[in-house]
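Peer 1: Okay, here's what each chain looks like letter by letter:
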Amino acid sequence: MNPAEAEGFAEGAIRRALDSGAEWAEARVQGTKGRQFIMKNGEPQPSFFAEGYGIGLRVLSRGALGFAATNTMESKTVSDLAWRAVRLAKSSSSLLVKPIRLDRSKPARTKWAPPEKQKVEGATDAWMRGVLKEIEGRISDGKAGVKIPGRVMALGADLDEKFYINSDGARVVGRLPRVYFFGSLTAVEDGETAQRFIQQGETGGLEVVKRIGLVEKVEEEARTLGKVIRNTQKPPTDTLDVVLSPELSGIAAHESVGHPQEADRVLGREGAQAGESYLKAESLGRKIGSDEANVSDDPTLTNSNGFTPVDDEGVVGKKRKLIKNGVINEFLQNRVTASEFRTSSNGASRSVAFDREPIIRMSNTFVEPGDYSTDELMKEVKHGVLFKTFTEWNIDDKRLNQRYVALEAYLIERGEVKGLVKAPVLEITTPRLWGSVKARSNRLEFEAATCGKGDPSQGAPVWTGGPETLLSGIKLGAR
Amino acid sequence: MDFQGLNELALKQATRLGAEDAIALTASGKQRMIRFANNSVTVVNHVEEAEMMVYVAKSKRRAIAATSNLDPANVRRFVSNLFSSLKGLAQSEYVPLPDKARKFSPNKAGFDRKLDQAGSELPELAKAAISASLKAGGKRSAGVIEASTSESTILTSSGTVGADAGTSIKLNIRSFAENDASGHGLSCSSTLADFDPESAGERAGADAKRMVKASEPEPGRYQVILSPEVASNLIESVSDAASAFSVDAGTSYLADKLGKKVAAASVSLTDHGWVKGGLGGRGFDDEGTPTQTTEIIRKGVLKSYLHNLTTAKKWRAPSTGSAGLVTPHPWNLEVGSGDATYDEMVKETKKGIILTSNWYTRFKNYRTGEFSTVPRDGAYLVEGGRVTKPLKGMRAGDDLQRMFSSVEMLSKQRDWVEWWEVSTPTLCPWILADGVKITRAYE
Numbered sequence: 084m085n086p087a088e089a090e091g092f093a094e095g096a097i098r099r100a101l102d103s104g105a106e107w108a109e110a111r112v113q114g115t116k117g118r119q120f121i122m123k124n125g126e127p128q129p130s131f132f133a134e135g136y137g138i139g140l141r142v143l144s145r146g147a148l149g150f151a152a153t154n155t156m157e158s159k160t161v162s163d164l165a166w167r168a169v170r171l172a173k174s175s176s177s178l179l180v181k182p183i184r185l186d187r188s189k190p191a192r193t194k195w196a197p198p199e200k201q202k203v204e205g206a207t208d209a210w211m212r213g214v215l216k217e218i219e220g221r222i223s224d225g226k227a228g229v230k231i232p233g234r235v236m237a238l239g240a241d242l243d244e245k246f247y248i249n250s251d252g253a254r255v256v257g258r259l260p261r262v263y264f265f266g267s268l269t270a271v272e273d274g275e276t277a278q279r280f281i282q283q284g285e286t287g288g289l290e291v292v293k294r295i296g297l298v299e300k301v302e303e304e305a306r307t308l309g310k311v312i313r314n315t316q317k318p319p320t321d322t323l324d325v326v327l328s329p330e331l332s333g334i335a336a337h338e339s340v341g342h343p344q345e346a347d348r349v350l351g352r353e354g355a356q357a358g359e360s361y362l363k364a365e366s367l368g369r370k371i372g373s374d375e376a377n378v379s380d381d382p383t384l385t386n387s388n389g390f391t392p393v394d395d396e397g398v399v400g401k402k403r404k405l406i407k408n409g410v411i412n413e414f415l416q417n418r419v420t421a422s423e424f425r426t427s428s429n430g431a432s433r434s435v436a437f438d439r440e441p442i443i444r445m446s447n448t449f450v451e452p453g454d455y456s457t458d459e460l461m462k463e464v465k466h467g468v469l470f471k472t473f474t475e476w477n478i479d480d481k482r483l484n485q486r487y488v489a490l491e492a493y494l495i496e497r498g499e500v501k502g503l504v505k506a507p508v509l510e511i512t513t514p515r516l517w518g519s520v521k522a523r524s525n526r527l528e529f530e531a532a533t534c535g536k537g538d539p540s541q542g543a544p545v546w547t548g549g550p551e552t553l554l555s556g557i558k559l560g561a562r
Numbered sequence: 244m245d246f247q248g249l250n251e252l253a254l255k256q257a258t259r260l261g262a263e264d265a266i267a268l269t270a271s272g273k274q275r276m277i278r279f280a281n282n283s284v285t286v287v288n289h290v291e292e293a294e295m296m297v298y299v300a301k302s303k304r305r306a307i308a309a310t311s312n313l314d315p316a317n318v319r320r321f322v323s324n325l326f327s328s329l330k331g332l333a334q335s336e337y338v339p340l341p342d343k344a345r346k347f348s349p350n351k352a353g354f355d356r357k358l359d360q361a362g363s364e365l366p367e368l369a370k371a372a373i374s375a376s377l378k379a380g381g382k383r384s385a386g387v388i389e390a391s392t393s394e395s396t397i398l399t400s401s402g403t404v405g406a407d408a409g410t411s412i413k414l415n416i417r418s419f420a421e422n423d424a425s426g427h428g429l430s431c432s433s434t435l436a437d438f439d440p441e442s443a444g445e446r447a448g449a450d451a452k453r454m455v456k457a458s459e460p461e462p463g464r465y466q467v468i469l470s471p472e473v474a475s476n477l478i479e480s481v482s483d484a485a486s487a488f489s490v491d492a493g494t495s496y497l498a499d500k501l502g503k504k505v506a507a508a509s510v511s512l513t514d515h516g517w518v519k520g521g522l523g524g525r526g527f528d529d530e531g532t533p534t535q536t537t538e539i540i541r542k543g544v545l546k547s548y549l550h551n552l553t554t555a556k557k558w559r560a561p562s563t564g565s566a567g568l569v570t571p572h573p574w575n576l577e578v579g580s581g582d583a584t585y586d587e588m589v590k591e592t593k594k595g596i597i598l599t600s601n602w603y604t605r606f607k608n609y610r611t612g613e614f615s616t617v618p619r620d621g622a623y624l625v626e627g628g629r630v631t632k633p634l635k636g637m638r639a640g641d642d643l644q645r646m647f648s649s650v651e652m653l654s655k656q657r658d659w660v661e662w663w664e665v666s667t668p669t670l671c672p673w674i675l676a677d678g679v680k681i682t683r684a685y686e
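For the record, the sequence lines run as chains A and B.
Using the numbering used here, you'd call the opening residue of the first sequence number 84 and step up by one each time.
Using the numbering used here, you'd call the opening residue of the second sequence number 244 and step up by one each time.
These are calculated hints, taken from the structure and not from any lab test.
Treat the hints with care, as some may be off.
With a cut-off of at most 30 Å between alpha-carbon atoms, the simulated BS3-like pairs for lysine-lysine come out as follows [to be verified]:
| id | chain 1 | residue 1 | chain 2 | residue 2 |
| --- | --- | --- | --- | --- |
| 1 | A | Lys471 | A | Lys226 |
| 2 | A | Lys200 | B | Lys330 |
| 3 | A | Lys505 | B | Lys680 |
Non-contacting residues of chain A with respect to chain B, defined by C-beta distances greater than 10 Å in every case (computed) [claimed, not checked]:
| id | residue |
| --- | --- |
| 4 | Ala196 |
| 5 | Ile295 |
| 6 | Lys310 |
| 7 | Lys462 |
| 8 | Leu527 |
| 9 | Thr533 |
Just the calculated beta-carbon pair ranges, DEER-fashion [stated by the list, open to error]:
| id | chain 1 | residue 1 | chain 2 | residue 2 | range |
| --- | --- | --- | --- | --- | --- |
| 10 | B | Asp642 | A | Thr533 | 19 to 27 Å |
| 11 | A | Gly252 | B | Asp314 | 27 to 35 Å |
| 12 | B | Thr631 | A | Glu299 | 43 to 51 Å |
| 13 | A | Glu90 | B | Glu459 | 54 to 62 Å |
| 14 | A | Lys505 | B | Asp314 | 55 to 63 Å |
| 15 | A | Ala561 | B | Lys632 | 23 to 31 Å |
| 16 | B | Lys632 | A | Ser188 | 25 to 33 Å |
| 17 | B | Lys504 | A | Gly296 | 42 to 50 Å |
Just so it is clear, the structure is predicted and the values come from calculations on it, not from any experiment.
Ideal Cβ placement from N, Cα and C applies to all residues, glycine included.
Take these sequences, add in the hints, and give me the full structure.
Peer 2: Here you go:
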């Protein structure tokens, strides 16, 4: 992306929007480049490269918001689009019950990028194929201890470059390189199947592959499938303790804390799509969990998958303590909802492409670590089940009724991890889950995920994470 | 913009550099959207985009790339870079493009000029849906109306040339009443004249009102009456499993089942490249193969997977015109109708649950088809052929083959469905199935 050219388009658009009657306007020029290589059962698929470049404009006029975008990067087209966005906002004001206002504080003026040793622009098909071939060499033909006839793996390297300005003086230049991996492994043995979907991703350069130990991780996942497929032990049905691994702690934090604490959901804006929230505007300060329930969202974690040090409304991001000692402490806010809540935006507005409106998103959502070592935490368990990884999961649209089906799970007796149990199901309400937290280990780990929200849909890269989290007094189901 | 001219430019560059096969495909679109919540507009969107995808192959090395920078100089550079990237690739599964050149003309029946020009009408249409919901008992509504125009052109190195265009308009409205009770309504159409926001709003409002005193059901196995929305969501997973790519990848419960029974005899599933009233599709796929009508399931028996040229060669079958260069996919799905009315289906239900909407369908294992999904909005207990009370707070789980094998009745009436939870347009009836597991959360 040529920054001078981007600046020219963005400034021209803002000028035209204000001239056309907008009270406020923002423009984001975004260039995206991405290379991806897929291997299916060892067979390379056609390599894929994509590049995109366009501008997204958002305006406030007569209390209504208008968003417009194009990838026809010509001055007249962009200028006309700014006029159109204002006209659309004005024309929709007849359907406005309550005028939209914006928190217009803290316009950021900064440049940002995560640390990046080997630039993502250096990603080649040969390099990607080499990484995937190395994984293939470790898991094909039963080398990981089980036959995995279904293997689809994709390795990709993307670069997002953003130039953002708004009419209050924000000016932000961002560079967001990311390396990611998706894998689907299906093991088959004696008529049984076991399946694992793997997602890894960090912002940074090509060094990410080695830093996260991608090859070794996928090999380990493949070996685990061999154990899982042979296991037939049913999970216990009595009341017991449950230890959530970092992976399970993370998905629970994301689904039943992060989502219901998005202020736009609380206010009903996503009602027809991802739904609303069991929490209301007045729920701030409500005790929802035990004193050990502490969950945060932090966009500033270096090299994280959800790294967003400055958001797409030109607000500097900061750590959000969503649940503090069991109390609903803070919602994720953008400029629109912050105005409604009479607070300031905490920098949670993200857009995944130039043609998508920025909306409230999580970044890296996690259970805060505690004081126990992992061994000490396990010793607290007299009778329980460790949920290490999960497959099927879902949650209702108010984020009250959730379900996690374990892939790899172990019985724990008198503080010792015993054998595998097959597909235990944790189907539980949000207050019961967070009210049952008894202890947390000090081992904080993260998993990459893609969070879905918005219409048109926006899949946003995030991290989910946490330590081992001990829940007491739980009843499990079975698949 | 002269898209076919850009295709020619890209193909000329690719063949000049030595590509043995090449495809240039442009897609352009115009989306106009109004979103509302709490009966009030939240944003109006207008997006105009165009993109070119180019495929090149030489010596069994294949590469695909997409660009949104359609400046001619960039297109030339972009194709050159793409061709250069072939050198770094290994040989892969390769099937040459067919020699026969084809010509595709736009299907005018799928393009509504009034809808293409629509924009300023959207607030009024949203208002009509909200008002209908309020009248029917909804207190506040959230939703989206989206009007789309899409145009595609293709040119291949075999001389296949084509263009197509289509329009669609969709409303997704969700209404709320006391106690978080909610109802859902959809209207999907390829023409402005057939778009019916009032009926969708009325359904959403009426269900929200009926759900106010909902309670949780006893866990167990139930008959379920699935609305076209819910059934379409699950049918989309069936069509994903019918993609030959999924079968090869180990993520299909339909693997090894060609010619075998995978559903009740009353269940038939067809994919149409283009069909009257359909919301999407076009006359050619991404490889320039004509799209067609493909029977996936006929009277409960799996008849065909969906193929592109590469998967077709592997399976020794003809392409079904379903490319996706990597992954074959459906265009417009149709579930065969039955002869029952909705009332007759309720009457035949001894102990069952009517599900009008769902979301968050997730699989334990795609190879076995085991899933669960979360019902939302209108849901009702049926006892002895009578609707007795509204239900909430449940989850439905099964495996796809068992559930579709237990289908007892299908309705004569069918609706087109495409929304947030159903991305492939689907013409679908109400479906009555037996033995679906209903669970609820540990409180």
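Peer 1: So, for every hint listed, does it hold in this structure?
Peer 2: Structure-based check of each hint:
1. With a CA separation close to 23 Å, the supplied pair Lys471 of chain A and Lys226 of chain A stays within the 30 Å bound.
2. Using a Cα cut-off of 30 Å, the hinted pair Lys200 of chain A and Lys330 of chain B holds, with the two alpha carbons roughly 26 Å apart.
3. At most 30 Å may separate the alpha-carbon atoms for a hinted pair to count; Lys505 of chain A and Lys680 of chain B meet this at roughly 19 Å.
4. Distance to chain B confirms Ala196 of chain A as a non-interface residue, since its nearest Cβ pair spans about 23 Å, more than 10 Å.
5. With a least CB separation of 24 Å from chain B, Ile295 of chain A remains clear of the 10 Å interface cut-off, as annotated.
6. Every C-beta of chain B lies more than 10 Å from that of Lys310 of chain A, the closest at about 16 Å, which supports listing it as non-interface.
7. Consistency note on Lys462 of chain A: stated as away from chain B, and its beta-carbon is indeed over 10 Å from all of that chain's, at 25 Å minimum.
8. Chain B leaves Leu527 of chain A outside its interface by the beta-carbon criterion, the shortest separation being 26 Å against a cut-off of 10 Å.
9. Even its closest Cβ contact with chain B, about 14 Å, leaves Thr533 of chain A beyond 10 Å, as expected for a residue assigned away from the interface.
10. For Asp642 of chain B and Thr533 of chain A, the hinted distance range of 19 to 27 Å is satisfied, since their beta carbons lie about 25 Å from each other.
11. Checked against the given bound of 27 to 35 Å, the beta carbons of Gly252 of chain A and Asp314 of chain B, roughly 32 Å apart, stay inside it.
12. Separation of Thr631 of chain B from Glu299 of chain A is about 57 Å and departs from the stated range, judged on CB atoms against 43 to 51 Å.
13. A C-beta distance of roughly 57 Å is found between Glu90 of chain A and Glu459 of chain B, which places it inside the suggested range of 54 to 62 Å.
14. A C-beta distance of roughly 58 Å is found between Lys505 of chain A and Asp314 of chain B, which places it inside the suggested range of 55 to 63 Å.
15. Distance hint check for Ala561 of chain A and Lys632 of chain B: the Cβ-Cβ separation is about 29 Å, which falls inside the suggested range of 23 to 31 Å.
16. Judged by the Cβ atoms, the range 25 to 33 Å given for Lys632 of chain B and Ser188 of chain A is violated: they are separated by roughly 50 Å.
17. At roughly 46 Å, the beta carbons of Lys504 of chain B and Gly296 of chain A sit within the given window of 42 to 50 Å.
The earlier numbered hints that this structure contradicts are 12, 16.
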